[in-house]
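> Next come the chains, spelled out residue by residue.
There are 2 protein chains.
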Amino acid sequence: MCQACHGLDGLSKHPEAPHLAGQVENYLSKATQAYRTGERKNDMMTIVAKDLTDEDIANLAAFYASIQIEVVPP
Amino acid sequence: MCQACHGLDGLSKHPEAPHLAGQVENYLSKATQAYRTGERKNDMMTIVAKDLTDEDIANLAAFYASIQIEVVPP
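Residue numbers (my numbering), protein chains in the order written: chain A, 135 to 208; chain B, 135 to 208.
These are calculated hints, taken from the structure and not from any lab test.
Here the structure is a predicted model, which means the values were calculated and not measured.
Keep in mind that a hint or two might mislead.
Non-contacting residues of chain A with respect to chain B, defined by C-beta distances greater than 10 angstroms in every case (computed) [as the list claims (entries may be wrong)]:
id, residue
1, Cys136
2, Ser146
3, Gln157
4, Thr171
5, Met178
6, Leu186
7, Thr187
8, Asp190
9, Ile191
10, Leu194
11, Ala196
Listed next, the in silico DSS-like pairs over lysine-lysine satisfying Cα-Cα at most 30 angstroms (straight line) [stated by the list, open to error]:
id, chain 1, residue 1, chain 2, residue 2
12, A, Lys175, B, Lys147
13, A, Lys175, B, Lys164
14, A, Lys184, B, Lys164
15, A, Lys184, B, Lys175
16, A, Lys164, B, Lys147
17, B, Lys175, A, Lys164
18, B, Lys164, B, Lys147
A few chain B residues facing chain A, derived, Cβ under 8 angstroms [unchecked claim]:
id, residue
19, Glu150
20, Ala155
21, Leu186
22, Thr187
23, Val206
A virtual CB, placed ideally from N, CA and C, is assigned to each residue, including glycine.
Based on the sequences and whatever the hints tell you, model everything.
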């Protein structure tokens, strides 16, 4: 479900959706929890986060954080 | 100022701060605006965003979005 907006590899092609690839795990889980509680609001994320369990959120955060990214030298 | 938490190259070494390198520009500017208005809250960002001008936010979003990142194949 996440891949529709955030990309197959965690690199978003959607102008409103952030890249998740390689993102800080703790940040990802807190952001998703904030969407679930309603502390953070977003048309799409508010809908999709509400059915996620704590385990789902932990797994998603670990998955996206595990994707290795690197900065391409200019 | 941003670099203290988000890294010199936009890759955070701080467990609470997300990477900004290569992030979607529109997402970065909206997120920073949301911190400035108080719609999004964070101990650090709420303080630092409140003095940013619209031009500052546009420049910061453009700068971090311009850093090229790539996924490292597993």
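> Determine for every hint whether it applies to the structure shown.
Hints versus structure:
Consistency note on cysteine 136 of chain A: stated as away from chain B, and its beta-carbon is indeed over 10 angstroms from all of that chain's, at 15 angstroms minimum. Serine 146 of chain A, annotated as away from the interface, has a beta carbon of chain B within 10 angstroms; the closest lies near 6 angstroms. In this structure glutamine 157 of chain A is not separated from chain B by more than 10 angstroms, as the shortest Cβ-Cβ distance comes to only about 6 angstroms. Every C-beta of chain B lies more than 10 angstroms from that of threonine 171 of chain A, the closest at about 13 angstroms, which supports listing it as non-interface.
Under the 10 angstroms C-beta cut-off, the non-interface status given to methionine 178 of chain A relative to chain B holds; the minimum distance is some 12 angstroms. Listed as outside the interface, leucine 186 of chain A is consistent with that label: its C-beta sits roughly 19 angstroms from the nearest C-beta of chain B, beyond the 10 angstroms cut-off. Distance to chain B confirms threonine 187 of chain A as a non-interface residue, since its nearest Cβ pair spans about 23 angstroms, more than 10 angstroms. The Cβ of aspartate 190 of chain A sits about 20 angstroms from the closest Cβ of chain B, beyond the 10 angstroms cut-off, so the non-interface label holds.
At roughly 16 angstroms from the closest C-beta of chain B, the C-beta of isoleucine 191 of chain A stays outside 10 angstroms, upholding its exclusion from the interface. Distance check for leucine 194 of chain A against chain B: the nearest CB is about 15 angstroms away, which clears 10 angstroms, and the non-interface claim stands. For alanine 196 of chain A, the shortest C-beta to C-beta distance to chain B comes to about 14 angstroms, beyond the 10 angstroms cut-off, and the non-interface label holds. A hinted pair counts as satisfied when its Cα atoms are at most 30 angstroms apart, and lysine 175 of chain A with lysine 147 of chain B qualifies at roughly 26 angstroms.
Restraint check: the Cα-Cα separation between lysine 175 of chain A and lysine 164 of chain B comes to about 12 angstroms, which is no more than 30 angstroms; the hinted pair holds. Only pairs whose Cα atoms come within 30 angstroms are accepted, and lysine 184 of chain A paired with lysine 164 of chain B is accepted, the gap being roughly 22 angstroms. Distance check on the hinted pair: lysine 184 of chain A and lysine 175 of chain B sit about 20 angstroms apart at the alpha-carbon level, within 30 angstroms; holds. At most 30 angstroms may separate the alpha-carbon atoms for a hinted pair to count; lysine 164 of chain A and lysine 147 of chain B meet this at roughly 17 angstroms.
Only pairs whose Cα atoms come within 30 angstroms are accepted, and lysine 175 of chain B paired with lysine 164 of chain A is accepted, the gap being roughly 12 angstroms. A hinted pair counts as satisfied when its Cα atoms are at most 30 angstroms apart, and lysine 164 of chain B with lysine 147 of chain B qualifies at roughly 23 angstroms. A hinted interface residue such as glutamate 150 of chain B counts as satisfied when its beta carbon comes closer than 8 angstroms to some beta carbon of chain A; here the least separation is about 6 angstroms, so the hint holds. At its closest, the beta carbon of alanine 155 of chain B sits 5 angstroms from a beta carbon of chain A; the interface hint therefore holds under the 8 angstroms criterion.
Checking leucine 186 of chain B against chain A by beta carbon gives a least distance of about 19 angstroms; that is not within 8 angstroms, so the hint is violated. Given the 8 angstroms rule on beta carbons, the hint for threonine 187 of chain B is violated: about 23 angstroms separates it from the nearest Cβ of chain A. Using the Cβ-Cβ criterion of 8 angstroms, the hint placing valine 206 of chain B at the interface with chain A is satisfied: the shortest such distance is roughly 4 angstroms.
In terms of the numbered hints stated before, the structure departs from hints 2, 3, 21 and 22, listed from lowest to highest.
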